[in-house]
Every structure is written in C-alpha cells, then in structure tokens.
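Asker: Chains as they are written, first to last, in the working numbering: chain A, 1 to 401; chain B, 402 to 738; chain C, 739 to 1028.
In short, the hints are calculated from the structure, not lab data. Ideal Cβ placement from N, Cα and C applies to all residues, glycine included. Any given hint could be a false lead.
Claimed, not checked - If you want a taste of the chain B side facing chain C, the calculated C-beta under 8 Å gives, among others: (1) A536; (2) L593; (3) Q703; (4) I711.
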Amino acid sequence: MRFRTSLLTAAALLALAGPAFAADAPGVTATEIKIGNTMPYSGPASAYGVIGKGETAFWKMVNEQGGVAGHKIDFISVDDGYNPAKTVEQARRLVEQDGVAFLFNPLGTPSNTAIEKYLNQKKIPQLFVATGADKWGNYKDFPWTIGWQPSYRTEAEIYARYILQEKPNAKIGVLYQNDDFGKDYLAGLKDGLGDKYAKMVIKEASYEVTDPTIDSQVVTLQGAGVDTLVTAATPKFAAQTIRKVYDIGWRPLHFMTNVSISVASVMEPAGVEKAVGLISASYGKDPTDPTWKDDPGMNQWRDFMKKYMPGADLADASYVYAYGVSLTMLQVLKQCNGDFSRENVMKQAANLKDFELPTVLPGIKLNTSPTNYHPIRQMQLEKWNGKTWVLFGKVLGGAGS
Amino acid sequence: MATLDTSRPAAAALFAGLSLRAWKVIGLAAVLAAACVLPFTISSYQLLLANQVIVYAVALLGLNILTGYNGQFSLGHGAFYAIGAYCTAILLDKTGIPYWATIPLAGALCFVAGFLFGLPALRLEGHYLALATFALAVATPQLLKYKDFDFLTGGVQGIVISGPDTPGGLPLRSDQWLYFFCLLWTVPLFVLAWNLLRGRTGRALMAIRDHPLAASSMGIDLARYKSLTFGVSAMYTGIAGALGALLAQFVSPDSFDLFLSIRFLVGIVFGGLASMAGVFFGAIFIEFVPNLADLVSKAAPQAIYGIVLIVCMYLMPTGVMGLLRALGHKLGRLVAR
Amino acid sequence: MLAFLHQVLSGLATGGIYASVALALVMIYQATHQVNFAQGEMATFSTYMAWKMIDSGFPYWAAFLLTLVFAFVVGVTIERVIVRPFYKAPVLSVVAVFIGLLLIINSLSGAIFDYTIKPFPSPFPSDAWYGSPYLSSHEVGMIFVTLMVLALIFAFFRFTPLGLAMRAAAENPVSSRLVGVRVGWMLALGWGLAGMIGAVAGMMTAPIVYLDPYMMFSVLLYGFAGALLGGIDNPWGAVLGGFIVGVLQNLAGAYVVGTELMVTVALVIIVGILVIKPSGLFGRTIVTRV
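For reference, chain A alone in the conformation it holds in the complex (with noise of 0.2 Å):
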C-alpha cells in the first residue's frame, strides 16, 4: 500500500520535473547537484543558524574551485525553526518542489527524527546528521539515513569507564539539560556504569534551557554529598556551573560535555584559574586553544574563514564543525567519481576508510562500513590545566555502536 503510494507520488514528481532530471540520479544535471539541508535560523536554536552559514559558505568556495567532477553544488538551505512539524514541510519541499539529490546535515535530534522515516521510504540519503544522539547508526531499519559526530552517549561511556577505573568508590551526580541532549549523557552513564549506576549515582540534577541560573541544582548536588559530578550543560549553563562551583568552595572531579568545552566560550567566561583539573573527551580541535593557534589544518580552516567568511565570529566553534562535515561530504562526492545517483551517494558515503581531516585530533580517523553508520567514534580525554586542555590516554572508542 505505502509502496504503492510513494511510487506514484514519484512518478508524479519526476512527471513535473521534466527532462532535466535523469532517471537515475534526481537532483542531478550534466553541471549540478543539488543538496538539501535545514537549519534552525530562527527560533530558540537559532545559534547553531551559523552552522548553515558556514556550510553555505564551503560550497561556494567548492564551486569557486571548479566544483566537484565538473558538477557544481546548488546547496539548498531552509529554515525550520527548530520545529519539526516544520522540518517535514522543508525536506517535503527540498525534495518535492526543489528536487535535491539528498539531504546533508539537517540539524536536531527532533527534526530528524520527525524526516528519517519519509526520506527512507523515498530512498532519499540522509547524510551527516547534525545532531549527537545515539541513535543515527541504525543502518537495518534506516539504511539511508547516517550520522558523524561520536554521540553524546558514546562520551557518557568513556567518562563512566574513566571513573569506574580510577575512582571506583565516587558519588556520583548529573548535571543534565532537561532535553534528549542532556538526557543521552544519563543513558550512557547507565550504559558504562550498569548495575552500579543506581548505587554509584547518588542525585540527578536538571534545568531548563530557560532557567536563568544553575545555582540552585549546584548547591543540591553539593549538599547531596557528590564528589564527581558529570556536567551535561550548553555553554552558557556549563559556565555558571565551573564558575558556582568553584565559588561555593566545591571541589569535585568534574567531567564537562565536550558540547562546552571552547576555551573562549566556556573557560575564559568562566575564569580559566576555576576550571583547572576539568575533565572532557573531545575528537575536534578547539578553535580558540592556543595548542592549535599554528596547527596547519585549523590554519586552513582560518583561511577558509578569512575569504569566504569575513568578519564571522572566530570564537564559535560551530564553523569548525560546519567545515569539517563539509570536507566528508566532499570527500563522499569525490569518491561517486562522477555517478551521483542517490544509491551511490549512500554507498559511499558508507564507505569512507580511514579518512582524516585537518579539524580532527590526530589520529582519530573516519570510518564507515555498510554495517558501521557512526564516521567518527573515537575520542580522547583531556585535562584543563588553566591555560589549554591536555590530552592524555589513548585514543578511545566507545562500546556502544
């Protein structure tokens, strides 16, 4: 029945879309490809609109470049607000009304959710998903559909190993955004801990985004007796808490999500002297951490941003991330050596061996597989020392896949 029906839907579409289409690879002419992709430009996530724009920015310099095996890149960009009731009206019209080849880093963990199963039925690449929860590596009910980033429950796991090995006695508290973010670092806390996570996590903590302070959850998670507190917080909230902490004369072992750990949004707004000894994992090099103030990649990256983003805001680390998922997609183009159909994109982009990029810590290398949809799933610890973080360890994977 759903067969059916979505056979006849792309039968009218290909109807409407006329010749410039080929058969077997929509979205694609003899000099283009087009991309799809949503963004929250507006809305309460609108500060990761700058994600969209440095991608937006990467095409071009690509199409500036000669393009991608004499096919320039048409990259459709819309809003969704954040909401995804939004999201599946933009991939609709991405897909329907614009006739993208796939889509590329939509972003959120809702808003993908809200698309996956329509583009898996149309047999529409989902590539790269923008959002680090732990569930876009499910590559036998979601074949088109693939994620990037380690996910948030994968770091969770590398923290919980960390303490079970180093502090096996530790009181445990959570400090969680009270969202699918915050509460990913709770799962892979129960994922590394098992059954001594109800014994070993003493109290949980969460607050809103629209909380204007953390202090109160500070002070219950210092009165509750927790000596390791695992801080699952964006930015802004993960400064007040290094910051609380250290004020109310707490000292706990304390994990940071690696979402907040800029040493120019995070650290120095916090007092870089009150996070020393912090503890994070991290697989991308911070932008404003002098260790990689000459680094030859996050220089070609400044150069990226010095021409085609003048004047953008050198302290967000969401460019490095734009640039880096945007140098895997390349590599993916290049590697379809010309045959841009959606079912080649997909198998490439599930083929990637042992590629590296200039924003990722050294050694860590991206990997895919028909049976493996998570690129990037290594990590290193690292300790903040007062003035740069410290790698230390090898680099990790986490169990979970």
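Chains B and C: place on chain A using the hints.
Answerer: Relative to chain A, chains B and C alone:
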C-alpha cells in the same frame, strides 16, 4: 465568509438584485467547491501546505472563540494543540484504535482539560489570565518530557506514527485522502461554531466580553459560560492538534514550545478578532510568513517576520477581516446611495 | 538546615534578577497601562551596547551612563515611531506589535553580536561576599541596586509632579489632557524610563548569567510573574514578588518535585496564589463601577 451579522443595516443592502446574505452563501459555496478541487490541481508538497493551513485555521478558530468572542486572553493554546496531538499519537502508538477514532477522543480530552483549566481561570482577568495561560504553555513541554510519563509520551524522543492510508476503493493518494479527512472534520466544526456563535450563546459570550457586570445582571451565568467556552475552545484547538499530528506523523516536546502559542495569538489578531473567516487569513499568515522571512534573510529571519507583523498591524489594526468589513460598509453605503 | 539556607540564598540572588526586571515592567505599566513583552529584549540589546563600549576601552561607569542614555533614547523612539500609531488600536493588536518588537530585537542582537556568550564585568569586587560563599558580592550589590532603583521609582511617582502627571496620563488620558498634561509625551517618557530601568537590570544580570541574545527572554517571564504576584501597580510588591518567585522556584526544585518539574510547580503555585488573591499579594483591588 461565514460571519453573519444580520442585525447590521449594511447586510440588508442589495448588490445586483441579491442580498448580501445571498452573496455570502454563493461565496461560501464557491470556496468549498474550490477546496474540493484543490488537491487535484496542486503538487503533493503544496497540498501539505494547504492542509497545514486548514489545521491551523481550526486551531485559530478555537482560540478565537475564547479570545475574540468571549474576551478571555490566552497565551497558552499551544498546550491544547499539544494535548490533542499527543492523544492521537499515543492512541495510535499504544492501542489498535483506528486513526479516525482518535480525533473525537482527542477533542473530548481537550474539552475536559480546557473546562478544568477554565474553572480557576474564571477568577483571573487580563494580564493575570495571560500569565496563567502562559504558565500552561511553559509547563506543557516539561510535562511531556517528564521521566515518569516516558512510557506513554516517549519522553524527549517523541513518538513517530504512520499517516492514514486511503480507505480501499477510493481513487486518491494518501496525502489527498488526508486532506479530505481534515476537511471532513473542518467543515462540520465551522458549521457547529457558526450555529453556536450566531444565536443566543454567541450573544451571551459577546455580552460577557463587552460588559461582564451588565451581562450577569441580565441573568447570564458568567461562570458556566466562561468555563464552557474554555472547554469548547480547547476542544477545537485539540482536534486541530490531533489532525496536525497525522500530518507531521511525529510529535515531540519541541513541536509545542512557547512560540506555538504566541503564533496562534498572532494568527487570530492578524485575521481579525471575533471572525470565523479571519482565522483562514491568520492561518495563512503563520504558515507562510516564516517561509517568506527565510527567503529574505538567513541572518535574521525573525526580524523580517517581526517587521512584516508590525507593518500588517499598522495597515490593518483590526486585522484582515476588520479591513474587509470596513471596505464592505463603504461599498454598502455606495450601493445604497 | 544549612542546605535549606543555601537554597534560599541562591533563590534570593536569582530573585534579585527577576525583581529588577519586574521593576521595569511596573514602570511601563504605571506609565502606559501596558505590559511590554519586548522589555527584556530591549534590556539585552542595551547591555550589548554597554559591552561593546567596555570592550572598546570605555571605563565601566562611563559606559554605564552612556548606556542609560542610549536605552532612554531607544525607549522614547520606539514609543514615538512604532507604538504611537497604535494608540487607539485594540489591546491585542498592540500585543501583536510587542511580539513583533520582541522578535526583531532578539534577532538583531544575534545577527549583530553573535551567539557565543560574553562575560560582562561587574562594578563590585569579584570575591565571594564575606557573609557566605553562597552569595557573591555582585549578587549582593545587585540586590542593593534593585532596592535603590525601587526607592527612586517610588519617590518619583509619589513626590514629583512629573510622576503624578505620568500616572494620571495612564489612568485617565482624557481628563489629564483637559488639565494640561501632555499625554503623548508622558507615554514616551514612560517608555524611556522603563528602557533605562531595563538597561540597569540587564547590566546587573549579565555578570551572573553571561550575555547572550536569550539572556532576558526567560527572565522576563519570571519577572512578569513576580510583578503580577506582588501587584503590578505597586513597585514594592513587584520587587518582593520577584524575590518570592526566585526562592519559590529553588525550594520547589530542591524539596518538592525534583528539578524536572521545577518550573511547572513554581508556576502552579503562583497561579494558585493569584486565583485566591486576584490582584496580587500587595496590589490594589480594583472596584468596577457599573
């Protein structure tokens, strides 16, 4: 289109031998006919947009009954939209109830929720009612993702559902069927509202809005009318939410944030308060202006939205219907001359 | 017991933020009988101006004063240019205009000043307040500033002819005009003063929560709740209401239901109080004449 005020002298004016009323009936029939032909003339994506407009129109009608006709201010109708949507999604996800049967259940649930909320709200007016309803809009996403309700609501992950298939034998695509399904709900809901509002009940509601003291001294039971209005209003918006869930095939706490309630309010003000036809203009506004703003500027789409909103309010302080009514009166006077 | 005290203290600190915004709302309500939903965004934008000045080398107090002037001018201009044409429009149309303003200013803050958070300096010493590590000296200083602004507003409306004229203009524009009050300018003045109070609130809040385009969005909601709880026609009540909301929120989160439902419970309690006492704890009960 559907608002009729036969007491007004202009309504009796004649245009080309037909009364205004007759013209309105003809217009209404034409619009209905157009609505039925529409799905066969536009693309599947455009049909989705049209369908969303219809769903929003029902939601706005609910809010307009409360705010426009009864004068009770609500900044929280997104909450009832959410309750309706989740009711349908949960029933489809957890039980074997067919999709069409979930709609009246969602409506009934929202009626009860609205009625219960309306009871304490009786004592609140103006800004205080705004705060109470705003609180409802803030609390709803929190409750939807609360961990003890996870087993029902799917927590922060939400619920993915399947849209309805065309019933056997009908030569329609599933999206065309969904459109007619929404229309089959929308038309009776509007007829019901029209019957409710044009008669005794409607006059009572407006009397309460315009002068509560005088209304109660005329023997109108304020408490009963106001809380029932809250219930009916919530029911309309809830049914819209249920239909909206079928349309998006997904619900999550993020779908129903504060801005949804604010957009509903903007919708009825733009369309025109206390007007049934106005809600369609309002629905068109809240559906399309964000897309328009996105086209103009990626850097600050909300600024464009805000500017469009303010300019529209400047040009039409009483909304689209206010403007049309004023034009209609002028025309009526010209014809009568 | 100690933990309880800590919760109350940190609640007072947050309550101070709400109270300062509540004051701006009271100001504009007294002057125009409207609740300006864009008040918080205007405050954020003014704070960005202060940040820009300090960042480019101005001394703190110079930037502070210039920002007050800026906020006043912006307030008056918005009233004269954007709100003025809606003087006779229905209430809800005015609300829609305020929503439009909110969206415009919020969006501009993000587009001009970026979304990464900015630290904002405090005029007070940076160490913890000596009485307790649970209140920083900035937080104590902010509460003090809020009380000072409160005293100024109270004195302004109570003892100056201008304050009286402004109240009259809001209460009964027609009669005021008859006795020679320039109603239009009174409204604009109210916007300007509310803008200034908002700017003070913004500059006091930013060192605590960090400056970003959404800084005041939620603060406004709780400030609104505080103002209504205390009585929106009474500056003392509004400030007290702000503190009550801050403390209530903390206690609800820590002792009643846990943090996931903290906001919900706090709001339910506030609305519950309002149902019992519909004009706020300290507000005047308005008697309607038939």
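Asker: Each hint needs a verdict: does it hold in this structure or not?
Answerer: Now the hints, each set against the structure:
Contact between A536/B and chain C, as hinted, is supported at the beta carbon level, the nearest pair being about 4 Å apart and thus within 8 Å. This hint is violated: L593/B has a C-beta 25 Å from the nearest C-beta of chain C, more than the 8 Å allowed. A cut of 8 Å between beta carbons decides the hint on Q703/B: the least distance to chain C is about 4 Å, and the hint holds. For I711/B, the interface hint holds, since its Cβ comes within 8 Å of a Cβ in chain C; the closest pair sits about 4 Å apart.
Of the numbered hints listed earlier, the single one contradicted by the structure is hint 2.
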